[in-house]
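The listed protein sequences derive, respectively, from chains A and B. When the letters of the first sequence are read in order and numbered with numbering that gives the first Met the number 0, they come out as residues 0 to 272. When the letters of the second sequence are read in order and numbered with numbering that gives the first Met the number 0, they come out as residues 0 to 377.
If you're looking for bench data, these hints aren't it; they were derived computationally from the structure. Check before you lean on any hint, since a few could be wrong.
[To be verified] Quick look at which bits of chain A chain B covers, simulated, 3 or more residues with Cβ under 8 Å:
(1) 36-43
(2) 53-63
(3) 70-77
(4) 81-91
(5) 103-112
(6) 261-269
[Claimed, not checked] Here chain A is said to cover these stretches of chain B; the calculated rule only asks that three of the stretch's residues, wherever they fall, bring their Cβ under 8 Å from a Cβ of chain A:
(7) 63-76
(8) 89-102
(9) 227-233
[Claimed, not checked] Far from chain A, by Cβ distances over 10 Å, these chain B residues were calculated:
(10) Met-8
(11) Pro-111
(12) Ser-112
(13) Arg-128
(14) Asp-134
(15) Glu-179
(16) Pro-184
(17) Glu-216
(18) Leu-249
(19) Asp-268
(20) Gly-341
(21) Ser-349
(22) Val-359
(23) Asp-360
(24) Lys-372
Note that CB positions come from ideal geometry on N, CA and C, so glycine has one too.
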Amino acid sequence: MQELLDKYFRKDKLPHIWCPGCGHGIVLGAVVRAIDKVNLDPDKTTVVSGIGCSSRAPGYMKFDTLHTTHGRALAFATGVKHAKPELNVLVLTGDGDAAAIGGNHLIHAARRNIDITAVLFNNNIYGMTGGQYSPLTPTGKVATTAPYGNIDQAFDICNLAIAAGATYVARGTVYNVTQLIGLISKGIQNKGFSLIEVITQCPTVYGRRNKMGTTIDMMKWQKENTVNVKAAKKMSKEQLKGKILVGELYSDTRPEYTEQYTKIVERLQKEGQ
Amino acid sequence: MSKNKPILMQGNEACARGALAAGCRFFAGYPITPSSEIAEVLSEELPKIGGRFIQMEDEIASIAAVIGASLTGCKSMTATSGPGLSLKAENIGYASIAEVPCVIVDVQRVGPSTGGPTAPSQGDVMQARWGTHGDHPIIALAPNSVKETFEVTIKAFNLSEQFRVPVILLLDEVIGHMRERVVLPDIDSIQIIDRKKATVPPEEYLPYKPDKDGVPEMASYGDGYRFHVTGLTHDETGFPNTGSENTDYLIRRLHEKIEKNLDKIIMVDEYFMDDAEIALFAYGSPSRSSLSAVRKAREEGIKVGLIRPVTIWPFPAEVVRKAARKVKKIIVPEMNLGQLIGEVEKHVKSDAEVIGLNRVDGELITPQEVMEKIKEVL
Ligand SMILES: Cc1ncc(C[n+]2csc(CCOP(=O)(O)OP(=O)(O)O)c2C)c(N)n1
Ligand code: SF4
Chain A
0 MQELLDKYFR KDKLPHIWCP GCGHGIVLGA VVRAIDKVNL DPDKTTVVSG IGCSSRAPGY
60 MKFDTLHTTH GRALAFATGV KHAKPELNVL VLTGDGDAAA IGGNHLIHAA RRNIDITAVL
120 FNNNIYGMTG GQYSPLTPTG KVATTAPYGN IDQAFDICNL AIAAGATYVA RGTVYNVTQL
180 IGLISKGIQN KGFSLIEVIT QCPTVYGRRN KMGTTIDMMK WQKENTVNVK AAKKMSKEQL
240 KGKILVGELY SDTRPEYTEQ YTKIVERLQK EGQ
Chain B
0 MSKNKPILMQ GNEACARGAL AAGCRFFAGY PITPSSEIAE VLSEELPKIG GRFIQMEDEI
60 ASIAAVIGAS LTGCKSMTAT SGPGLSLKAE NIGYASIAEV PCVIVDVQRV GPSTGGPTAP
120 SQGDVMQARW GTHGDHPIIA LAPNSVKETF EVTIKAFNLS EQFRVPVILL LDEVIGHMRE
180 RVVLPDIDSI QIIDRKKATV PPEEYLPYKP DKDGVPEMAS YGDGYRFHVT GLTHDETGFP
240 NTGSENTDYL IRRLHEKIEK NLDKIIMVDE YFMDDAEIAL FAYGSPSRSS LSAVRKAREE
300 GIKVGLIRPV TIWPFPAEVV RKAARKVKKI IVPEMNLGQL IGEVEKHVKS DAEVIGLNRV
360 DGELITPQEV MEKIKEVL
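Work out the full structure, taking the sequences as your base and the hints as a guide.
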């Protein structure tokens with residue numbers, strides 16, 4: 000642990016701003032362990048985020064870090080990656096950041112299959128602004144802007160990313176960190192666009208209002224309401240009702256955007272000689 | 000004299016060629032008339048010289064990608080028209096507070112909203128100044144010919160790099176789409192300014208510690224500096240610091256780096272101003288009609304001159320103040336209902352009478368109209 004802290008964290012920026020019990024720190028820990036596991040060169044790694052509690056994570060990470068505007072992390076990251084393709088680019092984003100205001104950028108980053116790994120901290124709520132509902136707030140849950148219960152339908156962001164063209168899509172929880180580290184590592188290793196949705200808890204403005212108990216209760220909820228995709232194959236529709244699938248949901252290979260562009264550059268430069 | 004041959008060139012193409020000459024190696028944009036030719040030319044030319052082009056999903060994403068690219072050390076640009084500039088507004092503020100050099104071209108068209116996509120206007124003058132939120136510095140330049148568009152695009156990059164500030168290049172549909180015979184300057188005669196790179200080792204690097212000129216040195220992503228960039232108010236380390244003292248210091252420094260360098264930023268041409276009793280104050284396309292009207296009026300013995308700013312933001316206040324003490328009247332022709340005239344009035348105070356000449360029908364202001372106005376106020 001000490002070694003990880005020294006190598007990858009801006010220790011002078013700690014302690015972090017997150018509430019006690021917030022899952023965001025666990026996600027950050029998993030991201031760093033995954034980076035360590037796949038041995039990325041810290042000098043060649045840029046971490047980009049939008050705005051939200053989750054998007055504050057890069058500030059603690061000893062890499063080139065870019066804390067951008069709400070929803071736009073993937074668009075900024077696209078510029079970084081396209082301009083300097085040798086960089087490893089990660090995006091850390093929230094459910095509001097990536098699925099509401101930044102939804103269009105998510106679709107198009109996936110469609111291009113640009114080599115960026117996005118980790119979506121899904122706490123089902125807008126944490127930073129005090130608990131308004133997000134596109135990933137389940138129907139019926141209470142939020143400051145849904146005092147009578149949310150009537151919106153949440154969408155499955157992983158399915159969306161798969162449909163849009165992402166080549167690695169997975170979902171994990173902060174309850175199962177070992178699995179999460181594995182999923183993020185594979186996402187980073189995928190040469191193309193990867194999305195890892197992480198189910199995490201916001202006890203402060205979501206759990207409490209929805210009477211979900213303590214942080215421990217919320218993490219237990221994650222355990223009890225998720226099913227690994229492999230196990231799900233052997234389960235009936237009834238058994239799977241209301242369950243959230245976790246694990247590697249999709250993996251494929253398709254041409255990567257910046258590589259395709261570099262091929263054009265190389266061809267033109269050869270012809271120009 | 001340039002060794003180059005005269006060629007027929009469109010304004011938008013001149014802008015794209017100017018960008019390339021300035022060292023632009025990254026363009027992200029979203030198509031919109033009357034700016035699309037800039038993207039088209041760059042999509043063809045950039046990969047030939049190892050640059051990168053990308054058509055993004057919208058204008059917000061385009062400016063975001065441009066800022067991201069610029070942070071890797073790459074000179075970057077986007078181009079749009081008024082509706083797209085509105086979408087870019089939030090991230091222009093980001094570039095301003097994070098001090099990321101970038102050039103934003105706005106080929107202005109008439110109207111609010113979709114308006115008249117193929118008709119010229121100067122309706123975005125105030126949007127260029129105040130489009131983004133909060134107190135922020137900005138530089139905006141308005142060339143008036145195809146050749147000058149080439150030169151001023153280079154200037155836009157130079158200023159952006161030198162002062163780490165977003166620079167808006169305001170063209171209009173006429174300048175953008177007009178074809179003129181131009182002789183481009185020799186590449187080796189062009190002054191190119193690059194941002195100051197970080198000179199200290201990473202352990203000592205403070206990404207927002209200003210030099211004497213108020214501008215901090217800029218490391219590039221991937222060079223081992225591992226620095227943080229945020230849109231939050233931050234201190235010299237680059238990390239958030241929203242304390243009131245620091246906030247005040249930062250916002251004022253951002254302005255001061257521009258205000259203390261006005262001599263390097265403000266470009267104004269003056270014609271026949273020595274003995275002028277009436278001055279025209281015109282920029283962009285109307286400055287051409289104004290100059291021909293001034294020449295005509297002079298033939299008739301009318302003592303009229305022209306102040307023609309290329310830099311409209313920061314506003315060339317000193318030039319206007321000086322003129323106001325000499326002339327009785329200042330006419331401000333604009334293809335809007337009076338935007339920059341407000342600035343002129345602000346600085347002229349009661350020293351001279353300020354009169355507008357305005358068109359918003361998507362047509363050019365003609366030399367005849369300017370002439371009539373001169374005679375009317377005589
Ligand atoms: C353009 C813009 N709109 C709104 C906001 C306000 N805002 C800040 S964070 C946020 C929501 C963040 O929610 P999420 O992405 O889910 O992250 P969390 O805080 O829950 O980690 C909003 C709406 C903003 N900063 N910028
Ligand atoms: S408000 Fe919620 S998401 Fe934000 S830090 Fe607190 S617990 Fe975490």
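These are the hints, each one checked on the structure:
1. Three residues within the 8 Å Cβ limit are the bar, and the segment 36-43 of chain A against chain B gives 3, so the coverage statement holds.
2. With 5 residues carrying a beta carbon less than 8 Å from a beta carbon of chain B, the segment 53-63 of chain A meets the three-residue requirement, and the given coverage holds.
3. Coverage of the segment 70-77 of chain A by chain B holds in this model, with 5 residues showing a Cβ closer than 8 Å to a Cβ of that chain against a need of three.
4. Under the rule that three or more residues need a Cβ within less than 8 Å of chain B, the assignment of the segment 81-91 of chain A holds, with 5 such residues.
5. Taking a C-beta to C-beta cut-off of 8 Å, the segment 103-112 of chain A contributes 4 residues in contact with chain B, enough for the three needed, and the coverage statement holds.
6. As drawn, the segment 261-269 of chain A meets chain B at 4 residues by the rule of a beta-carbon pair under 8 Å; at three or more, the given contact holds.
7. Chain A is given as covering the segment 63-76 of chain B, and this holds because 12 residues of the stretch bring a CB closer than 8 Å to a CB of that chain, at least three being needed.
8. Under the rule that three or more residues need a Cβ within less than 8 Å of chain A, the assignment of the segment 89-102 of chain B holds, with 3 such residues.
9. Beta-carbon proximity to chain A at under 8 Å applies to 5 residues in the segment 227-233 of chain B; the threshold of 3 is reached and the given coverage holds.
10. The claim that Met-8 of chain B lies off the interface holds: its Cβ sits roughly 22 Å from the closest Cβ of chain A, which is beyond the 10 Å cut-off.
11. Listed as outside the interface, Pro-111 of chain B is consistent with that label: its C-beta sits roughly 24 Å from the nearest C-beta of chain A, beyond the 10 Å cut-off.
12. Separation of Ser-112 of chain B from chain A is adequate, the least Cβ-Cβ distance of about 21 Å exceeding the 10 Å criterion.
13. With 10 Å as the threshold on Cβ separation, the claim that Arg-128 of chain B sits away from chain A holds: the shortest Cβ distance comes to roughly 20 Å.
14. Every beta carbon of chain A lies more than 10 Å from that of Asp-134 of chain B, the smallest distance being close to 18 Å; the non-interface claim holds.
15. For Glu-179 of chain B, the shortest C-beta to C-beta distance to chain A comes to about 28 Å, beyond the 10 Å cut-off, and the non-interface label holds.
16. The beta carbon of Pro-184 of chain B sits about 23 Å from the closest Cβ of chain A, which is more than 10 Å, so the claim that it is off the interface holds.
17. For Glu-216 of chain B, the condition that its CB be more than 10 Å from all CB atoms of chain A holds, with the nearest at approximately 15 Å.
18. Under the 10 Å C-beta cut-off, the non-interface status given to Leu-249 of chain B relative to chain A holds; the minimum distance is some 15 Å.
19. No beta-carbon of chain A comes within 10 Å of the beta-carbon of Asp-268 of chain B; the shortest separation is about 36 Å.
20. With a closest Cβ-Cβ approach of about 30 Å to chain A, Gly-341 of chain B is found to remain outside the 10 Å limit, as its non-interface label requires.
21. No Cβ of chain A approaches the Cβ of Ser-349 of chain B within 10 Å, the least distance being about 43 Å, so the stated non-interface status holds.
22. For Val-359 of chain B, the condition that its CB be more than 10 Å from all CB atoms of chain A holds, with the nearest at approximately 33 Å.
23. With 10 Å as the threshold on Cβ separation, the claim that Asp-360 of chain B sits away from chain A holds: the shortest Cβ distance comes to roughly 36 Å.
24. Residue-level check passed: Lys-372 of chain B sits 44 Å from the nearest beta carbon of chain A, beyond 10 Å.
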